[in-house]
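J.: Take a look at the letters that make up each chain.
There are 2 protein chains.
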Amino acid sequence: MKVGMCMFLWTTSVSKKHEALLRDIKATGFDGVEIPVFVGAPDDYKKLGEMLDRIGLERTAVSAMGDPAMNLISPDAATRKAGIDYMKWAIDCSAALGAKTLSGPLHSTLGAFSGSGPTSAEKKRSVASQRAIGDHAGKKGVTIGLEALNRFECYLVNTMADLCEHIDAIDRPHIKAMYDTFHANIEEADPIGAYTKHRRNVVHIHISENDRGVPGRGNIPWKETFAAIRKSGYDDWLTIEAFGRSLKDLAAATKVWRDFAESPEAVYREGYRHIRNGWKRAA
Amino acid sequence: MKVGMCMFLWTTSVSKKHEALLRDIKATGFDGVEIPVFVGAPDDYKKLGEMLDRIGLERTAVSAMGDPAMNLISPDAATRKAGIDYMKWAIDCSAALGAKTLSGPLHSTLGAFSGSGPTSAEKKRSVASQRAIGDHAGKKGVTIGLEALNRFECYLVNTMADLCEHIDAIDRPHIKAMYDTFHANIEEADPIGAYTKHRRNVVHIHISENDRGVPGRGNIPWKETFAAIRKSGYDDWLTIEAFGRSLKDLAAATKVWRDFAESPEAVYREGYRHIRNGWKRAA
Numbered sequence: 001m002k003v004g005m006c007m008f009l010w011t012t013s014v015s016k017k018h019e020a021l022l023r024d025i026k027a028t029g030f031d032g033v034e035i036p037v038f039v040g041a042p043d044d045y046k047k048l049g050e051m052l053d054r055i056g057l058e059r060t061a062v063s064a065m066g067d068p069a070m071n072l073i074s075p076d077a078a079t080r081k082a083g084i085d086y087m088k089w090a091i092d093c094s095a096a097l098g099a100k101t102l103s104g105p106l107h108s109t110l111g112a113f114s115g116s117g118p119t120s121a122e123k124k125r126s127v128a129s130q131r132a133i134g135d136h137a138g139k140k141g142v143t144i145g146l147e148a149l150n151r152f153e154c155y156l157v158n159t160m161a162d163l164c165e166h167i168d169a170i171d172r173p174h175i176k177a178m179y180d181t182f183h184a185n186i187e188e189a190d191p192i193g194a195y196t197k198h199r200r201n202v203v204h205i206h207i208s209e210n211d212r213g214v215p216g217r218g219n220i221p222w223k224e225t226f227a228a229i230r231k232s233g234y235d236d237w238l239t240i241e242a243f244g245r246s247l248k249d250l251a252a253a254t255k256v257w258r259d260f261a262e263s264p265e266a267v268y269r270e271g272y273r274h275i276r277n278g279w280k281r282a283a
Numbered sequence: 001m002k003v004g005m006c007m008f009l010w011t012t013s014v015s016k017k018h019e020a021l022l023r024d025i026k027a028t029g030f031d032g033v034e035i036p037v038f039v040g041a042p043d044d045y046k047k048l049g050e051m052l053d054r055i056g057l058e059r060t061a062v063s064a065m066g067d068p069a070m071n072l073i074s075p076d077a078a079t080r081k082a083g084i085d086y087m088k089w090a091i092d093c094s095a096a097l098g099a100k101t102l103s104g105p106l107h108s109t110l111g112a113f114s115g116s117g118p119t120s121a122e123k124k125r126s127v128a129s130q131r132a133i134g135d136h137a138g139k140k141g142v143t144i145g146l147e148a149l150n151r152f153e154c155y156l157v158n159t160m161a162d163l164c165e166h167i168d169a170i171d172r173p174h175i176k177a178m179y180d181t182f183h184a185n186i187e188e189a190d191p192i193g194a195y196t197k198h199r200r201n202v203v204h205i206h207i208s209e210n211d212r213g214v215p216g217r218g219n220i221p222w223k224e225t226f227a228a229i230r231k232s233g234y235d236d237w238l239t240i241e242a243f244g245r246s247l248k249d250l251a252a253a254t255k256v257w258r259d260f261a262e263s264p265e266a267v268y269r270e271g272y273r274h275i276r277n278g279w280k281r282a283a
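Chains A and B, in that order, give the protein sequences.
Just so it is clear: in the first sequence, position 242 is 242 by UniProt numbering, and no numbers are missing.
Just so it is clear: in the second sequence, position 98 is 98 by UniProt numbering, and no numbers are missing.
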């Protein structure tokens with residue numbers, strides 16, 4: 001198992017200026033970081049990857065689509081194409097970065113609602129979009145970890161059951177699932193069972209406290225969660241995802257209106273120990 | 001302790017045509033129902049109260065403000081006045097209904113966001129609005145139970161700590177707090193501790209599963225929750241709040257995109273037994 005830290009806590013665009021922070025994350029013990037992919041070109045991510053190599057951090061990638069002008073489930077072909085083009089670009093950046101997975105709510109536009117549940121036409125269009133994306137991801141050696149988000153952030157897939165039924169319909173080896181403890185806590189009657197039942201599709205895990213703050217300080221049943229993950233044979237990333245108010249746009253998108261920790265250091269240092277100790281105890 | 005059922009599962013406007021359902025709710029064992037107050041006049045609620053008297057159901061009231069043209073924290077005086085006028089009307093309807101409490105997110109407009117956290121000016125305007133509302137509520141013998149909502153539905157108060165600090169600032173005996181298990185599960189690092197710590201302000205409790213479905217089938221730690229409530233000496237309403245897709249507008253407002261139960265009957269019959277048995281075991 002590898003422990004990662006998502007850089008969303010500080011930025012949506014990691015660069016040379018974050019080197020000291022990245023070195024401290026490495027010194028804390030992390031195996032890698034999760035790099036937001038929102039702007040720039042593959043070459044920028046290649047250079048970032050080289051810096052991470054020098055620091056000694058592995059990496060995963062994360063993205064999202066917040067612009068309704070790109071939506072993979074839209075009835076409008078040009079809107080779907082804009083989404084597919086974005087995903088191909090994000091896959092190219094992830095590959096240049098040296099990331100094997102690109103995760104996030106990469107199935108529909110974040111915060112875009114129709115006012116009712118997903119239609120069969122929307123799901124059908126999603127399958128077609130994801131197949132095109134999956135074929136490109138396969139060529140680049142990147143696996144997509146689609147994320148079920150809570151009902152307030154998307155409507156296409158809110159539970160692991162919905163997500164994995166959809167992944168089965170997509171039927172592409174490079175389109176898989178992410179499990180996120182924050183969203184599961186809101187949407188799953190049995191959050192741990194939802195992981196276990198859908199384990200075969202899970203390629204990435206976000207460790208996120210129920211209030212999005214310091215992992216271990218809140219309400220997620222961590223002991224049972226780590227035990228289930230370890231027992232399942234999962235041996236990939238456990239990546240901390242936490243949010244703060246430092247980025248105004250991201251705070252508005254994630255609806256973060258207060259501080260959940262006294263400092264970012266508390267989140268990654270205490271969060272790191274929480275995961276390592278929790279994993280050890282789950283042996 | 002009294003067990004209630006919120007009528008939101010079926011309607012935002014209870015009337016004569018719900019009589020058979022109300023009789024079945026009574027036959028199930030409920031002490032009362034929670035009546036949505038959104039439309040009509042005090043006289044309509046007086047008639048509804050008389051029907052509930054005949055059936056033998058006590059009642060509480062619930063409301064919300066979804067229209068940005070009425071917002072109790074707005075910088076615009078006319079917008080605040082529209083909110084205060086709405087609340088005075090809702091209080092009059094609740095009094096006519098025979099409800100002693102009127103609960104809900106009655107502090108700011110549902111789903112209205114500024115893009116950042118509450119400002120001190122917004123809180124100050126809220127205090128002034130709530131004092132006017134509280135004075136009217138006192139005259140009518142109705143107590144307001146303000147509700148802390150999760151971050152995706154409002155930004156003024158998301159936790160019991162924020163809510164109760166605000167209630168202390170308002171300083172009116174008829175402006176108090178509601179505790180809701182669904183929202184606490186998302187926002188409170190320690191949901192049960194948040195209840196216990198702020199117990200003195202709590203005049204109403206919503207029993208709502210973590211997925212908003214059948215109470216007892218999900219992830220809320222019910223045993224510990226009932227134990228804390230009973231131990232605190234609370235002897236008022238435990239009211240089931242669950243949502244479905246039958247009301248298109250309400251489903252869109254509460255972001256309900258799927259069914260959480262096989263039927264409304266499952267919610268109120270199984271939910272009722274869950275509360276009675278949980279309370280008994282907590283003795």
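Since the hints were derived computationally from the structure, they do not count as laboratory data.
Some clues are possibly wrong.
Given that identical chains are not distinguished, each listed pair holds provided it fits within a single copy or across any two copies.
To be verified - List of simulated lysine-lysine pairs, DSS-like, C-alpha gap at most 30 Å:
(1) K123 x K248
(2) K124 x K16
(3) K280 x K47
(4) K124 x K26
(5) K223 x K81
(6) K248 x K139
(7) K26 x K197
(8) K197 x K223
(9) K231 x K139
(10) K16 x K26
(11) K124 x K248
(12) K255 x K140
(13) K81 x K124
(14) K17 x K124
(15) K223 x K88
(16) K223 x K280
(17) K123 x K17
(18) K255 x K47
(19) K124 x K2
(20) K123 x K16
(21) K255 x K123
(22) K231 x K46
(23) K46 x K280
(24) K81 x K197
(25) K255 x K81
(26) K16 x K223
Since this is a predicted model, take the numbers as computed values, not measurements.
J.: Give a verdict on every hint.
T.: Hints and how they fare:
1. K123 x K248: Between copies, since 21 Å is at most 30 Å while 32 Å is not.
2. K124 x K16: neither (42 Å within a copy, 43 Å between copies)
3. K280 x K47: neither (35 Å within a copy, 63 Å between copies)
4. K124 x K26: Intra 43 Å, inter 45 Å, cutoff 30 Å: neither.
5. K223 x K81: neither (43 Å within a copy, 50 Å between copies)
6. K248 x K139: neither (36 Å within a copy, 43 Å between copies)
7. K26 x K197: Neither: 33 Å inside a copy, 39 Å across copies.
8. K197 x K223: For K197 and K223, both the intra-copy (18 Å) and inter-copy (25 Å) Cα distances are at most 30 Å.
9. K231 x K139: neither (32 Å within a copy, 61 Å between copies)
10. K16 x K26: within (15 Å within a copy, 67 Å between copies)
11. K124 x K248: Between. Shortest inter-copy distance 23 Å satisfies the 30 Å Cα cut-off; intra-copy 35 Å does not.
12. K255 x K140: neither (34 Å within a copy, 36 Å between copies)
13. K81 x K124: within (15 Å within a copy, 48 Å between copies)
14. K17 x K124: neither (43 Å within a copy, 40 Å between copies)
15. K223 x K88: neither (38 Å within a copy, 49 Å between copies)
16. K223 x K280: Result: close both inside a copy and across copies, 10 Å intra and 29 Å inter.
17. K123 x K17: Neither, since 41 Å and 38 Å both go past 30 Å.
18. K255 x K47: neither (32 Å within a copy, 42 Å between copies)
19. K124 x K2: For K124 and K2, neither the intra-copy (35 Å) nor the inter-copy (48 Å) Cα distance is at most 30 Å.
20. K123 x K16: Neither. Shortest intra-copy (40 Å) and inter-copy (41 Å) distances fail the 30 Å Cα cut-off.
21. K255 x K123: Classified as both: same-chain Cα gap 27 Å, cross-chain 18 Å, threshold 30 Å.
22. K231 x K46: neither (36 Å within a copy, 59 Å between copies)
23. K46 x K280: neither (34 Å within a copy, 62 Å between copies)
24. K81 x K197: Neither: 33 Å inside a copy, 52 Å across copies.
25. K255 x K81: Both: 29 Å inside a chain and 27 Å across chains, each within 30 Å.
26. K16 x K223: Neither. Shortest intra-copy (37 Å) and inter-copy (51 Å) distances fail the 30 Å Cα cut-off.
In the structure shown, a violation is registered for the earlier hints numbered 2, 3, 4, 5, 6, 7, 9, 12, 14, 15, 17, 18, 19, 20, 22, 23, 24, 26, in ascending order.
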